[in-house]
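Novice: This is what each chain is made of:
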Amino acid sequence: MSKESLEHLSSLMDGELSNEAGLFLTRRMSTDEALCDTWERYHLIRDCIRQPGSKQIVTGLSAKLNATLDEEDSPIESVRRPNVWLKPLSGLAIAASVALMAVVVTAPQVSELPAGNDTALSQPVNAPFVSPNNVSPGNSSITPVSQAASYAPQQADSNVLNSYLLRHNQVSQAAGRHGFVSYIPIVVTPASPVEVNAAETPESNSDATQPVTQVDAAEDK
Amino acid sequence: MRDLSRKSFLLLISISLSGLALAESSSSAREWLERMTTAMSQMSYQGSFVYVRGGTVESMRITHVTDEAGVRERLYSVSGPHREVIRDREGVRCVLHDSSAIVKDHTVANSYFPELPLSIVEGDDSGYKLEVGGETRIAGHTARLVSVSPVDNFRYGYDFWLEEKSGLLLQWVLLDSGRKPLAKLMFTDIALGSAIRLEELESGARAEDFIELKTFSPEKTVSTQSAPRWKPAKLPIGFQLTSHSHKAGAGGVYEHMVYSDGLASVSVYVEEEGAGQFLHPGTSQLGTHNAYARRQGELQILVIGEVPAITVKSIANEVAISVASN
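Protein sequences, first through last, are from chains S and V. According to our numbering, the stretch in the first sequence is residues 5 to 225, in order. According to our numbering, the stretch in the second sequence is residues 25 to 350, in order.
Hint data in this document are derived by calculation from the structure and do not stem from the laboratory. Fair warning: this is a prediction, and the values are worked out from it, not measured in the lab. It cannot be assumed that every hint is accurate.
[Stated by the list, open to error] Label-pair restraints from in silico Cβ distances:
| hint | chain 1 | residue 1 | chain 2 | residue 2 | range |
| --- | --- | --- | --- | --- | --- |
| 1 | S | E8 | V | A215 | 33 to 43 Å |
| 2 | V | A215 | S | M5 | 18 to 28 Å |
| 3 | S | E24 | V | G147 | 52 to 62 Å |
| 4 | V | D148 | S | L27 | 52 to 62 Å |
| 5 | S | T35 | V | E188 | 42 to 52 Å |
| 6 | S | E20 | V | K204 | 21 to 31 Å |
| 7 | S | E24 | V | S227 | 28 to 38 Å |
[What the hints assert, rightly or not] Here are a few chain V residues that face chain S, going by a calculated C-beta distance under 8 Å:
| hint | residue |
| --- | --- |
| 8 | W56 |
| 9 | V81 |
| 10 | M84 |
| 11 | E97 |
| 12 | G104 |
| 13 | V109 |
| 14 | E114 |
| 15 | V116 |
| 16 | W196 |
| 17 | L199 |
| 18 | Y278 |
| 19 | L287 |
| 20 | Y293 |
| 21 | S308 |
Using N, Cα and C, we set each Cβ at its ideal position, and we do this for glycine too.
Sequences and hints are given; from them, build the entire structure.
Specialist: Structure representation (structure tokens):
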């Protein structure tokens, strides 16, 4: 089995394969037992990791897939003969969907805090280290903020962040305890390192009325 | 009355015994962590593992060799875009095919600060509670669970499954303060010692395919024992300075401090505007690491580490206060 096939299989699992490529791969699985077995193994590994000790094992997928495909009309045929006048419209619809997905996917993942609470740690030095989220009861007024999606700076930022992380891992003695695990964030697919919130400047910090995103529940404990 | 005294006595004995058991478990857990640290750096191993985070599964492969040539390590993705990290005596190189970039960092001089002993991760002043758990089989090896739970929201917890004989990490789970898994890693196969194929240390990537990314120009930085020019007035419990370096000479401002609680570590970078590439202010995520960048006057403050977002933000704001007052 080629490396490319394995990559496609992995992408299909992650939902990152296009519809057409997904259909093609699905049909190929119906005839390629090795590919189908690999697909099962990938799922088994994922299930085991998510639920260690899980007894739920998927078997006989290829047979079920073949039976299902036999019963259904080929979806690829219907895709191959679309109405000509629909073509430009479908293109527009796909473009719009992709644009919408881009906005949704790049929406803030990590929350931002109210700028007015940035001084939470400017309490007396002998005060305990506290989260800005826990300082003021006024946090209940936190409201979400929308942010324009931006792509080019994200990739540049992720590369710069990678370089900072490399230096951090090299210098950090504690990172040495975790060994190679500390370097995994650099190897994971680049979708994760994204710039996630609105710009913040010292000037804006003093503006307590600046809208901010909803504070993450995990941070708000 | 005599019965009451007897019951109190038994209760006291019971509490003492459970306390002793807990202390023994904690001490034993620390020993396991020490074994893990040694095994991860000094053993030679090679294997495939799956890494799960946020519903996505990625396959990766690691080759770690320790011999007379020093430590050589290659970590690369098996699925998705080709990305890899190579570490050897020359430093660390990161190949990112999808972004047409290669990031290099030369070997960093040793810190003048003493290495933190693992004893700081137990006790009342630490940020964690340690416990040894049960055993299971992973990748054909018997593995022992060591649980590390955070005492507050400023750090993550860990479940380490360690190989019974060597202490090598076989499974790793990163947990939030509510013990909700944030990321998992599990070896599906692992080879030790002479069973390793050394040719896998060689990268298949061609250097000419990539460009070198100019970053924060770490050249001419020196590790120093001197106190940092700026430092956070307050830190989460257990965190202390473990490294400090700054740019030599008068050309611009660059300070790098590392704070650690024994397990988690956080880097604080303070740089002059124009000295490097500036990040968008705000919080960013890099895998399980969080980063927070902000500006204070002419300076950029960046805090990064495998800690919750609130921790990097809080520390950055503390440093900003220090910068503003100097």
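Novice: Each of the hints needs a verdict: does it hold here or not?
Specialist: Consistency of the hints with the structure:
1. E8/S - A215/V: 33 to 43 Å: violated, 26 Å
2. A215/V - M5/S: 18 to 28 Å: At roughly 22 Å between Cβ atoms, M5/S and A215/V fall inside 18 to 28 Å, so the hint holds.
3. E24/S - G147/V: 52 to 62 Å: holds, 59 Å
4. D148/V - L27/S: 52 to 62 Å: For D148/V and L27/S the Cβ distance comes to about 60 Å; the hint holds.
5. T35/S - E188/V: 42 to 52 Å: holds, 44 Å
6. E20/S - K204/V: 21 to 31 Å: holds, 25 Å
7. E24/S - S227/V: 28 to 38 Å: About 33 Å separates the Cβ atoms of E24/S and S227/V, which means 28 to 38 Å holds.
8. W56: violated, 12 Å
9. V81: Holds: closest Cβ of chain S sits about 5 Å from V81/V, inside 8 Å.
10. M84: Given a least distance of 6 Å, the restraint on M84/V holds.
11. E97: E97/V check passes; min Cβ-Cβ to chain S is 6 Å, inside 8 Å.
12. G104: For G104/V, the interface hint holds, since the closest Cβ of chain S sits about 5 Å away, which is under 8 Å.
13. V109: holds, 5 Å
14. E114: violated, 12 Å
15. V116: holds, 5 Å
16. W196: holds, 6 Å
17. L199: It is violated, given that the least Cβ distance between L199/V and chain S is near 11 Å, above 8 Å.
18. Y278: Given a least distance of 11 Å, the restraint on Y278/V is violated.
19. L287: holds, 6 Å
20. Y293: holds, 6 Å
21. S308: Given a least distance of 5 Å, the restraint on S308/V holds.
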